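> Given these sequences and hints, build the entire structure.
Top to bottom, those sequences are chains A and B. Just so you know, we're using the working numbering here: the first sequence kicks off at 18 and counts up by one. Just so you know, we're using the working numbering here: the second sequence kicks off at 8 and counts up by one.
Note that these hints are calculated values from the structure, not bench results. These numbers were taken from a predicted model, which means no experiment stands behind them. Each hint should be verified, as a subset may be incorrect.
Said to hold, decoys possible - Covered stretches of chain B, as calculated for chain A (at least 3 residues, CB under 8 Å):
{"id": "1", "segment": "38-50"}
{"id": "2", "segment": "77-88"}
{"id": "3", "segment": "106-112"}
To be verified - Calculated lysine to aspartate or glutamate pairs in the EDC-like style (CA-CA distance at most 20 Å, straight line):
{"id": "4", "chain 1": "A", "residue 1": "18", "chain 2": "A", "residue 2": "112"}
{"id": "5", "chain 1": "A", "residue 1": "59", "chain 2": "B", "residue 2": "86"}
{"id": "6", "chain 1": "A", "residue 1": "85", "chain 2": "A", "residue 2": "112"}
{"id": "7", "chain 1": "A", "residue 1": "85", "chain 2": "A", "residue 2": "73"}
{"id": "8", "chain 1": "B", "residue 1": "78", "chain 2": "B", "residue 2": "59"}
{"id": "9", "chain 1": "A", "residue 1": "18", "chain 2": "B", "residue 2": "66"}
{"id": "10", "chain 1": "B", "residue 1": "21", "chain 2": "B", "residue 2": "86"}
{"id": "11", "chain 1": "B", "residue 1": "16", "chain 2": "A", "residue 2": "56"}
{"id": "12", "chain 1": "B", "residue 1": "78", "chain 2": "B", "residue 2": "63"}
{"id": "13", "chain 1": "B", "residue 1": "16", "chain 2": "B", "residue 2": "33"}
{"id": "14", "chain 1": "B", "residue 1": "64", "chain 2": "B", "residue 2": "86"}
{"id": "15", "chain 1": "B", "residue 1": "64", "chain 2": "A", "residue 2": "20"}
{"id": "16", "chain 1": "B", "residue 1": "16", "chain 2": "B", "residue 2": "86"}
{"id": "17", "chain 1": "A", "residue 1": "18", "chain 2": "B", "residue 2": "63"}
{"id": "18", "chain 1": "B", "residue 1": "64", "chain 2": "A", "residue 2": "112"}
{"id": "19", "chain 1": "A", "residue 1": "59", "chain 2": "A", "residue 2": "101"}
{"id": "20", "chain 1": "B", "residue 1": "64", "chain 2": "B", "residue 2": "80"}
{"id": "21", "chain 1": "B", "residue 1": "16", "chain 2": "B", "residue 2": "63"}
For every residue, glycine included, the Cβ atom is placed at its ideal position computed from N, Cα and C.
Below are the chains, spelled out letter by letter.
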Amino acid sequence: KQEVTQIPAALSVPEGENLVLNCSFTDSAIYNLQWFRQDPGKGLTSLLLIQSSQREQTSGRLNASLDKSSGRSTLYIAASQPGDSATYLCAVRRDTGNQFYFGTGTSLTVIP
Amino acid sequence: NAGVTQTPKFQVLKTGQSMTLQCAQDMNHNSMYWYRQDPGMGLRLIYYSASEGTTDKGEVPNGYNVSRLNKREFSLRLESAAPSQTSVYFCASKLSGGVGLFFGSGTQLSVL
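The structure is reproduced here in structure tokens:
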């Protein structure tokens, strides 16, 4: 079974700081990896999706990287803002089947 | 552009009662999923449907049944609710191929 881990569970940074969120997975046979944002009491919003053949994806101030061989992905947030405060989750899809495996998330607080 | 719609948003049940959570998507997606989210445990897959007419068990199927009514709709039924089923339930969908998941806004269920 694929195990997905996100460390740290919580992170607090001052506004304007660049930060990195981590996601690690145990089985490198993945199809893709997706990063989500979840606001309190809300559903999950997709931020970035990286196919297994890709090394990184960028959207605005967000950059996600993928290193399959080491079982790691990072989400880089540049110039953080209070509006970035949320829980960030990663999900891995295996290269066979339709199942996705989620990490428990990193709760980010950006302090004005 | 509704995306994935879940009803109801909130529900309180007594132990032993039954109910059905409804999910519909208007994106012509093939696959649909039901997850539950519990504190500290991340999202866990209950059931999924890779295509109309098929359903498969996920990680935590016990106590639940599902119906893929048509391509748009995927319902989750609790036949005899238990306090352990208190959780937030999310429906998600995706197209075939290497694209990611789209989520509904969730149903917060409490079983007393």
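> If a hint holds in the structure, say so; if it doesn't, say that too.
These are the hints, each one checked on the structure:
| no. | hint | verdict |
| --- | --- | --- |
| 1 | 38-50 | holds (count 7) |
| 2 | 77-88 | violated (count 0) |
| 3 | 106-112 | holds (count 7) |
| 4 | 18(A) to 112(A) | holds, 13 Å |
| 5 | 59(A) to 86(B) | violated, 26 Å |
| 6 | 85(A) to 112(A) | holds, 12 Å |
| 7 | 85(A) to 73(A) | holds, 11 Å |
| 8 | 78(B) to 59(B) | holds, 5 Å |
| 9 | 18(A) to 66(B) | holds, 10 Å |
| 10 | 21(B) to 86(B) | holds, 12 Å |
| 11 | 16(B) to 56(A) | holds, 16 Å |
| 12 | 78(B) to 63(B) | holds, 15 Å |
| 13 | 16(B) to 33(B) | holds, 18 Å |
| 14 | 64(B) to 86(B) | holds, 16 Å |
| 15 | 64(B) to 20(A) | holds, 18 Å |
| 16 | 16(B) to 86(B) | holds, 19 Å |
| 17 | 18(A) to 63(B) | holds, 16 Å |
| 18 | 64(B) to 112(A) | holds, 18 Å |
| 19 | 59(A) to 101(A) | holds, 15 Å |
| 20 | 64(B) to 80(B) | holds, 17 Å |
| 21 | 16(B) to 63(B) | violated, 25 Å |
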